[in-house]
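Participant: What follows is each chain in one-letter form.
Protein chains: 2
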Amino acid sequence: MKRRLLTASYLLAFLISPFVHADSLPSWNDTAPKKAIIEFVERVTKEDSPDFVPLAERIATFDNDGTLWSEQPLYFQLLYIFDVIKAKADERPEWRETEPFASVLRDDAKAVLASGEEGIVKLLSVTHSGMTTDEFAESVSRWIATAKHPTTGRLYTEMVYQPMLELLSYLRANGFKTYIVSGGGAEFVRQWAEQVYGIPPEQVVGTYGRMEYEIREGHPVIVKLPELALNNDKAGKPIGIQTFIGRRPTVAFGNSDGDFEMLEWTTSGKGARLALVLHHTDSEREWAYDRESHIGKLDRSLDAAPSKGWIVVSIKDDWNTVHPGAKP
Amino acid sequence: MKRRLLTASYLLAFLISPFVHADSLPSWNDTAPKKAIIEFVERVTKEDSPDFVPLAERIATFDNDGTLWSEQPLYFQLLYIFDVIKAKADERPEWRETEPFASVLRDDAKAVLASGEEGIVKLLSVTHSGMTTDEFAESVSRWIATAKHPTTGRLYTEMVYQPMLELLSYLRANGFKTYIVSGGGAEFVRQWAEQVYGIPPEQVVGTYGRMEYEIREGHPVIVKLPELALNNDKAGKPIGIQTFIGRRPTVAFGNSDGDFEMLEWTTSGKGARLALVLHHTDSEREWAYDRESHIGKLDRSLDAAPSKGWIVVSIKDDWNTVHPGAKP
Chain A
1 MKRRLLTASY
11 LLAFLISPFV
21 HADSLPSWND
31 TAPKKAIIEF
41 VERVTKEDSP
51 DFVPLAERIA
61 TFDNDGTLWS
71 EQPLYFQLLY
81 IFDVIKAKAD
91 ERPEWRETEP
101 FASVLRDDAK
111 AVLASGEEGI
121 VKLLSVTHSG
131 MTTDEFAESV
141 SRWIATAKHP
151 TTGRLYTEMV
161 YQPMLELLSY
171 LRANGFKTYI
181 VSGGGAEFVR
191 QWAEQVYGIP
201 PEQVVGTYGR
211 MEYEIREGHP
221 VIVKLPELAL
231 NNDKAGKPIG
241 IQTFIGRRPT
251 VAFGNSDGDF
261 EMLEWTTSGK
271 GARLALVLHH
281 TDSEREWAYD
291 RESHIGKLDR
301 SLDAAPSKGW
311 IVVSIKDDWN
321 TVHPGAKP
Chain C
329 MKRRLLTASY
339 LLAFLISPFV
349 HADSLPSWND
359 TAPKKAIIEF
369 VERVTKEDSP
379 DFVPLAERIA
389 TFDNDGTLWS
399 EQPLYFQLLY
409 IFDVIKAKAD
419 ERPEWRETEP
429 FASVLRDDAK
439 AVLASGEEGI
449 VKLLSVTHSG
459 MTTDEFAESV
469 SRWIATAKHP
479 TTGRLYTEMV
489 YQPMLELLSY
499 LRANGFKTYI
509 VSGGGAEFVR
519 QWAEQVYGIP
529 PEQVVGTYGR
539 MEYEIREGHP
549 VIVKLPELAL
559 NNDKAGKPIG
569 IQTFIGRRPT
579 VAFGNSDGDF
589 EMLEWTTSGK
599 GARLALVLHH
609 TDSEREWAYD
619 RESHIGKLDR
629 SLDAAPSKGW
639 IVVSIKDDWN
649 TVHPGAKP
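So the protein lines, in turn, are chains A and C. The numbering of the first sequence is this note's numbering, which starts it at 1 and goes up by one. The numbering of the second sequence is this note's numbering, which starts it at 329 and goes up by one.
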């Protein structure tokens, strides 16, 4: 009798396989986006499907800031910069009188952002260059292990999205190679992406600077230079994808206008493609912002989504959990 | 009785496991390099070994020209350039009067090389830029499928080294991610590396140029620009490795002074590392050249090998087969 029951439930499972697969995404509500994701993955992974995508071509690219982890009140890498500048301030007394350093030391994020690209470049040059890759890696690793988010008090690695962790695992279980394609720094994200997302350094595409190989005291080092090599944002994202991966993604997921071209490049390829846009709609459990935001502005991508077939995911409506371990 | 024999042979196989593994490398003679490779791979893959390297960190990088396939009488990518220039010559009558195009059309490789970097850049600009990545991919794919090597008359893909194909497979079977790190063009190598070496596009690091994202007749394309972004040769190789892979290799294999820094960067890392240098010593089955060669010059790396612990592989002495399907 028990065996017959087992058989019956096996058959049932087979008949309702989308719902069985749905267990891989427990933090997603049973709304349209989850159904579309599962339907798509099944369509491209079944060998007899006309939309079958061979294993080697299953590339999924994810933006990081605002897509895999939060990005408010400021991009977390900018908060890293703030912390490094503050830690170095005693050695550099002139910073108290020099912008944008003085604004950083006063915690005046608005003034820092108002300093524009020129200001950001100054901050990057003292925090992201002039050291070896090993020294930078150590600094980021130490920060990410201890620094706390200014409003939630949580570790930054706890500010990742639980539904996205599940989606990454679900895609990998279906043979996808998951990539980060971030406007943030590749070397910054690589220090913790493997531990947090299961994404190894070689699958992190990001903004990167020029580097130099040098022998110091008989040992080779790689030194980070202040010049930008690729700004992996907007139209830079398809370029980063082509340069690093050399294949057009099958799946792409972003959250802002900085992801427009990545999504466009993905869905204009032949064959089945899936593009998703995360819409920050939940002011209670996370943040709510889109067209007017200075961080993660979502305007053009939101308008384009319906006509381009991009799926808009609303945090408020489509996720039952936001951050891991948070109250549902 | 039969079963007992099987058991005995199983035990025997277990006791002489290095020789069983050796079967993975049948085109390698039982000389020192093969023994060193097998000994190294066993040392880093056994979980109880003090030199154990976790799966995620098993990165093996291979130079391409002269390491995975031949590079005489000229780098094959240069022969591709020659073929493309000749095919376009009718549309560009002025090339008959302009260097280095005129030398290409006269098949005067020496004069082309004598035109130096300036000449090569001119050739690259008309053969490797000004088209979309899709157009370039199609051109290379067509060429590699049909063009023949000038002295052997074989397809270029038949000019790969059988012992290296075996080594790539052996490393992959032991959990290594195999990468190409080539001074040649990344986009050039990516068109055929997966089919020929089993190395997917995203594991090809090479010289690359700037690119531009553009909408043409409503469809996005990526256009190859004439400016160089990274010359992935000499000190550029560790930079390419850091930029694309973000991890120091465990194994690196090169054949020329252009690989010096890649080998140096690899073996100066902590823990067990293996570096190999292919020495072209076989004028009968392949080519013999080293210190005086204009292509694949091997001088500094050959001198450095003994003191740095890099293993020199002699084609004549250490390989019983060179190209696949060739007479042993």
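Some clues are possibly wrong.
Said to hold, decoys possible - Using 20 Å as the maximum straight-line C-alpha spacing, the simulated SDA-like pairs for lysine to any residue come out as follows:
1. Lys416(C) x Gln400(C)
2. Lys598(C) x Tyr213(A)
3. Lys562(C) x Lys308(A)
4. Lys270(A) x Lys416(C)
5. Lys562(C) x Glu138(A)
6. Lys598(C) x Lys316(A)
7. Lys308(A) x Glu542(C)
8. Lys270(A) x Ala465(C)
9. Lys562(C) x Arg210(A)
10. Lys562(C) x Lys234(A)
11. Lys234(A) x Ala465(C)
12. Lys476(C) x Tyr541(C)
13. Lys270(A) x Ala557(C)
14. Lys110(A) x Ser129(A)
15. Lys234(A) x Thr460(C)
16. Lys598(C) x Glu135(A)
17. Lys316(A) x Asp290(A)
18. Lys562(C) x Tyr213(A)
19. Lys270(A) x Val549(C)
20. Lys636(C) x His219(A)
21. Lys234(A) x Thr426(C)
22. Lys598(C) x Lys122(A)
23. Lys270(A) x Lys562(C)
24. Lys308(A) x Ala557(C)
25. Lys122(A) x Gly153(A)
26. Lys234(A) x Pro548(C)
27. Lys308(A) x Ala415(C)
28. Lys598(C) x Ile215(A)
29. Lys598(C) x Ile85(A)
30. Lys46(A) x Leu74(A)
It is worth saying that the hints were derived from the structure and are not from the lab.
Participant: Each of the hints needs a verdict: does it hold here or not?
Facilitator: Structure-based check of all given hints:
no.: 1; hint: Lys416(C) x Gln400(C); result: violated, 24 Å
no.: 2; hint: Lys598(C) x Tyr213(A); result: holds, 18 Å
no.: 3; hint: Lys562(C) x Lys308(A); result: violated, 45 Å
no.: 4; hint: Lys270(A) x Lys416(C); result: violated, 29 Å
no.: 5; hint: Lys562(C) x Glu138(A); result: violated, 27 Å
no.: 6; hint: Lys598(C) x Lys316(A); result: violated, 48 Å
no.: 7; hint: Lys308(A) x Glu542(C); result: holds, 18 Å
no.: 8; hint: Lys270(A) x Ala465(C); result: holds, 16 Å
no.: 9; hint: Lys562(C) x Arg210(A); result: holds, 16 Å
no.: 10; hint: Lys562(C) x Lys234(A); result: violated, 32 Å
no.: 11; hint: Lys234(A) x Ala465(C); result: violated, 24 Å
no.: 12; hint: Lys476(C) x Tyr541(C); result: violated, 34 Å
no.: 13; hint: Lys270(A) x Ala557(C); result: violated, 28 Å
no.: 14; hint: Lys110(A) x Ser129(A); result: violated, 24 Å
no.: 15; hint: Lys234(A) x Thr460(C); result: holds, 19 Å
no.: 16; hint: Lys598(C) x Glu135(A); result: holds, 15 Å
no.: 17; hint: Lys316(A) x Asp290(A); result: holds, 14 Å
no.: 18; hint: Lys562(C) x Tyr213(A); result: holds, 10 Å
no.: 19; hint: Lys270(A) x Val549(C); result: holds, 13 Å
no.: 20; hint: Lys636(C) x His219(A); result: holds, 12 Å
no.: 21; hint: Lys234(A) x Thr426(C); result: violated, 40 Å
no.: 22; hint: Lys598(C) x Lys122(A); result: violated, 34 Å
no.: 23; hint: Lys270(A) x Lys562(C); result: violated, 38 Å
no.: 24; hint: Lys308(A) x Ala557(C); result: violated, 32 Å
no.: 25; hint: Lys122(A) x Gly153(A); result: violated, 28 Å
no.: 26; hint: Lys234(A) x Pro548(C); result: holds, 13 Å
no.: 27; hint: Lys308(A) x Ala415(C); result: violated, 40 Å
no.: 28; hint: Lys598(C) x Ile215(A); result: holds, 16 Å
no.: 29; hint: Lys598(C) x Ile85(A); result: violated, 31 Å
no.: 30; hint: Lys46(A) x Leu74(A); result: violated, 42 Å
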